[in-house]
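Peer 1: Listed in order, the protein sequences are those of chains D and Z. Everything in the first sequence is counted per my numbering, starting at 1 for the first residue and increasing by one. Everything in the second sequence is counted per my numbering, starting at 1001 for the first residue and increasing by one.
Hints listed in this document are in silico derivations from the structure and should not be mistaken for laboratory results. From a predicted model like this one, the values you see are computed outputs, not experimental measurements. One should not assume that every hint holds.
Cβ-Cβ distance ranges computed for the label pairs, FRET-style [what the hints assert, rightly or not]: (1) Glu508(D) to Pro1461(Z): 33 to 39 Å; (2) Gln1582(Z) to Asp119(D): 55 to 61 Å; (3) Pro1461(Z) to Arg145(D): 36 to 42 Å; (4) Thr1497(Z) to Ala142(D): 22 to 28 Å; (5) Pro137(D) to Gly1496(Z): 19 to 25 Å; (6) Ala584(D) to Val1598(Z): 35 to 41 Å; (7) Glu1113(Z) to Ala388(D): 53 to 59 Å; (8) Gly141(D) to Glu1176(Z): 48 to 54 Å; (9) Glu1162(Z) to Phe604(D): 57 to 63 Å.
Each residue gets a CB set at the ideal place from its N, CA and C atoms; glycine is no exception.
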Amino acid sequence: MSWRIGADIGGTFIDFCAFDEATGRLATLKLLATPEEPGHEVTEGLALLEERHGLDPAEVAAFVHGTTIGINTIIQRKGADLALLTTAGFEDVIELARLRMPEMHGLFCARAEPLVPRDRIFGIPERILADGAEQTPLDAGALRRAAAAARAKGAQGIVVAFLNAYRNAEHECRAKAILAEAAPDLFVFTSAEVWPVIREYERSTTAILNGYVHPRVARYLDSLEVALARRGIAAAPMVTKSNGGVMSAARGKTACVNMLLSGTASGVMGAAFLARQAGIGNLLTLDVGGTSADVALVIEGRPQFGMGETIGDLPLYLPSVSVTSIGDGGGSIASVDGFGVLKVGPESAGSTPGPACYGRGGTRATITDAMAVSGYLGHTPLAYASVAIDRSRAAAAVAALARGSGLGLHATAEAIVKIAISNMYAEINKLIARYGADLRDFTLMPFGGAGPMLGCLLADELDMERVLIPRRPGIVSALGGLIADVRNDFIRTLFVDAGWATMGAVAEGFASLRAEAESWLRHDQRFAGPAHVTLSADMRYAGQSFEIEVELDESWIAAGVMTTITEAFHRRHQEIYDFADRGAIVQIINLRLVITSVIAAPVFLTEERRWGAPAPEKQVEVWRDGAPRKMPLYFRSGLQRGHSIAGPAIVAQEDATIVLTAGFAGTVDACGNLHLRRPG
Amino acid sequence: MPIDKVTLQILANHVRATAESMAYTLYRTAHSTFVKETEDFTTQITDAAGLAVAVPMDLGATWYPGINYGRAMAMIGSYEPGDIAFTNDPYSGFLATHVPDLHMWKPIFHGDEILCFACGHIHNTDMGGAVPASLSRALTEVHQEGVRFPPMKLYRRGVLNEEILEVMLLNVRKPEQNLGDLKAFVGALNTGERKARAMIEKFGPETFKQGLAALLDYAEHQAREILRGIPDGEYAFADYADEDGPNGNPCRLALRLVIAGDSAILDFTGSDPQLTSALNVPTGGDMRHTLLLVGIYYVLYTLNPALLLNAGLTRPFTCIVPEGTVLNPLYPAAVGMRSLTCARLRSVIFGAFSLAIPERMPAAPAGSSSILNVMTTDNRTRRTILAAINPVVGGAGGMPHRDGTNGSGADGAYLKNTPVEITEAEVPVQILRYGLLPDSGGAGAHRGGLATVLEFKVFAPHTRITARNRDRSRFRPWGILGGQAGQPSDFVLNSGTDREVRLGNTDTIACDPGDVVHIHSPGGGGRGDPLERDPVRVLLDVVRGYVSLAAAAREYGVLLHDGAVDVAATAARRAVLRRERQNGHFAFGPERERHEAVWTGENYAALTEILGGLPVHWRFFVKARLFEHLARATEPANRPSVREAFAALCASYPELGAIL
């Protein structure tokens, strides 16, 4: 039993990454995805891994899958027809959301259309108060009538989200039991079982997302299991999660909402892993594909987590690896406005028709076309030979813009790239300010099909001096799944003033979270190895309207001294806000616990050290600063441990093209990563 | 050599990024509710003259893309590197527009030359004065509204003037909050300076300067391009705030919009005299004051969402605001509650543009976002609690392409609510209902967005509720092109019981234990003839509970039977309604029609002329007396004209006659 396999589906491709624990060898593969036939591309990929790399299905110890089925269901609005049961008087909770709109400068702004229309939302007479006491009993008759009405309106499932269920879920539980009997054909999720946190909109919408994707995700995972079993793989498949961890596919069928942002999360986890191997702690990841460009910060080796990431305009309030979208990737379209100013995006050619140079029907100039016209692309096929670059089509598309901008063909191409880079700069800048980070302490790691082509250009704009390009930029997300831990988050809302009288509640709360977490890991996930638990609390000063997360040491809870906990909060507040108010009342809003399996990190085969500079394959002509310039083109396969190269240069490989701008020089490390530096 | 367009776009990204860095830094490090939840703050990069060149797109308030710091900046003789200046006085340079707003600016030098400024404002929860939070409609002089600082340096060459700070902190009710936000603000300005220096180095000082100028030209070009697409002409419109002070008369804002080619005049002559309440809007008569143009930013952005937001947008516009009026009050008129008046100011602009380009404009948004605060005592802990419960916001107006957004939208889209569960965990009240109010959106081919309704119960004696900025309890959000007006807002104690009290336009009440407070916002106006709305859409509204069966029949002429449209009955009903109805451009609702039956255009013109001829300190008084006079007549036939009433007034006040 020695193979671990990561298989990650992106917009266009499925990436495989198979690690042979016996030899330390990593085999990779990229195939076109076939979303209409779930499981098909997995079967095909496994066959190729057997054929090319000698993989034996019986020897597979772990199969970790990252799928976009959930997120696509939401973006395309193809999920289940749901009914929502709320406390009577609060039926509009999901339509009102938090009121504020993302776009607020115009008169036509709107919030995202809710996933459950108002005519399938039913108010049920019942009321739990803020302290958990029952004020109005659950009206079982109204519940049954609502179930009948929901079915009559075509609902496939029901979400129950009552007020104050985070404090006392009794009514939700009873409602679920009654519905199981009154409407056994409808699936039911309750808000407190999905994520029992204070704030009714956030909790309701998280439960709705779960129900919305549930039927499609469950069907997909069923067929995946069948496909793997047919192929002879005995290991129970795992799926990747938005929190950067994994869980069993069996659990994924009901805990679907945890998978929604797994694609971007795995990318960051994979990048963080590669950086740790390379001895780098602070990282700005840049994941650019044909249809998306995302960045994330890894600080001291740790990805950052947040709640409230968005999916197709809808927020997701679960702890997720924080990833910020900075545009639409290589397919972003360029245009010229009435003042003669060149713009790039927000329109995108996506994966269909894609950039003009792909020859799949696209005619408008994209970033990729500009890179082709400038001469960076087109020397070798892209994406494992699945795409050939047609430079004449790129030139025709860019020439159409050149007429509007009043610049020549090559100047327009350069301008498109420069403006696209400055767009990304502006978006990244917000992320940096949000964290108060100083990019001079960070290394940029570009990956994804189009990341390495833009990485150095962006580093120049951001004034970053270090860039790390992984050996296989196209499969970082699949790798992120392969190395991931089994991981789950648990939360309990306390909402108490911190004091000697509430220390007991804190200890009890953590004890029950721990029991829940242990049961999840041992029984649900059947993981028998060592586990790691971290505790934290969301805290604030009384009167504040937001919380900060404070990490807590288990020994503090055991000691039972509240002032240790409040002091940790004051210190954290001091760090962020530059002051602490030790006389003020401190509140503990939520207790949080994260459980993670401890899995030994894979040790990759390292290469033998070589010296000197590799020979370029050829010299190519690239337009830069208004003139054609010769620069060397290398093949990545020829760059080996210890080799040094210097920009300007191009490195072509099967899954990406690396552009080294002038000033950057670098060496290849033991794992094949290219470390680039630009002396400041 | 002028800056090339490619560099210009790159610079546009960098300058915006700088303003956004400041905003995110401020948001991350500030901790008051006003900054964190309400996001009542702004940041800007201005040029050397103090004109805003860039603002953040997704954080903070929406009012100041065209702000001009120039006058306030000039009130300080000279600047040195490391200086940070500030003011919150509404009458020093007309930068701050009420006392809680603290504006600050930091010059950014290259050698001896200032190339730009990093600027911004935060709304402080309290700046002292007569009432907590410094804001009340009832205040009559700016001196009651808190401690004021004319433009002065808080930092001189990087050194804090602690004496000024001490004066400020001594005079406010929550000094630790002011101090916390102030520190965050200084941090944001320093971030702005650091990023601005990096830009100057990247682009070079000359290109940078030319670039800032070109960015203003670029926005101006966009604004003019939009204006050229609007037919030349004069478009006159007026709208009313319900009251000009507690238990007062309506307050009229009037606008004559003149579009000529690629420029426009906004003549506000005919707006009411300055008020002896805090509803005045201090503009100093600046013909491009940003508060006068907030409605313009919304209109321009709606017509071109790719708009670059900066002060260049204001160049094609010239405002006329006569002195001593509500839009240009003289010192020391109180101004704390100018937000209420500003909402009417925006709706006047929206209305005038709806006359100019009806096919591209929506009906009136709800236009009243009241901020609801509760002060009560927890019966268990005996602690007194002061908390903001929720903003009560209404829907957007019906749009050319779809219904108005429900519950909030348009110029109220920046507000956030507070979760019911958070309120109940913190404040000893119980929320009974929070949601959309059926039938509150104006009927129309595109319906107005629905109002929100909030009901809650209080449990302690002497509980005080304030609903600041509440308006449109009388004058409804208007519909256009056959669309009906939205429902007015309301505020009711113990609705439907024998202890029911209808509170009208009141904004502060005291409650007893067990009292139930009901408040709802206005709904948005409808757009287009409701009889033209597809009956299936009306059916869907009924099924979804947005429109009642009765209203479907009454307003839309749609009759439903067994959950389906009764086609024949609907056609017959619609035919009858079509004969009965007459649609003008606007539908105002009965309240405004009744008011304007007395206060006709002619009467108001006479009033404006009479008041304009009086010394400022007489105007509000005379307006009130004339309103009394005209209201006294029981029959239209024996109602005096405004001039007759004024003659009578002069007779009873010889002092007045003496002045004339």
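Peer 1: Each hint should be assessed against the structure and marked as holding or not.
Peer 2: Comparing the hints with the structure gives:
1. Glu508(D) to Pro1461(Z): 33 to 39 Å: Since the Cβ atoms of Glu508(D) and Pro1461(Z) sit about 36 Å apart, the hinted range of 33 to 39 Å holds.
2. Gln1582(Z) to Asp119(D): 55 to 61 Å: violated, 34 Å
3. Pro1461(Z) to Arg145(D): 36 to 42 Å: holds, 41 Å
4. Thr1497(Z) to Ala142(D): 22 to 28 Å: holds, 25 Å
5. Pro137(D) to Gly1496(Z): 19 to 25 Å: holds, 24 Å
6. Ala584(D) to Val1598(Z): 35 to 41 Å: The hint (35 to 41 Å, Cβ to Cβ) is violated, given that Ala584(D) and Val1598(Z) are roughly 55 Å apart.
7. Glu1113(Z) to Ala388(D): 53 to 59 Å: holds, 54 Å
8. Gly141(D) to Glu1176(Z): 48 to 54 Å: For Glu1176(Z) against Gly141(D), whose Cβ atoms are near 53 Å apart, the range 48 to 54 Å holds.
9. Glu1162(Z) to Phe604(D): 57 to 63 Å: holds, 59 Å
Of the numbered hints listed earlier, those contradicted by the structure are 2 and 6.
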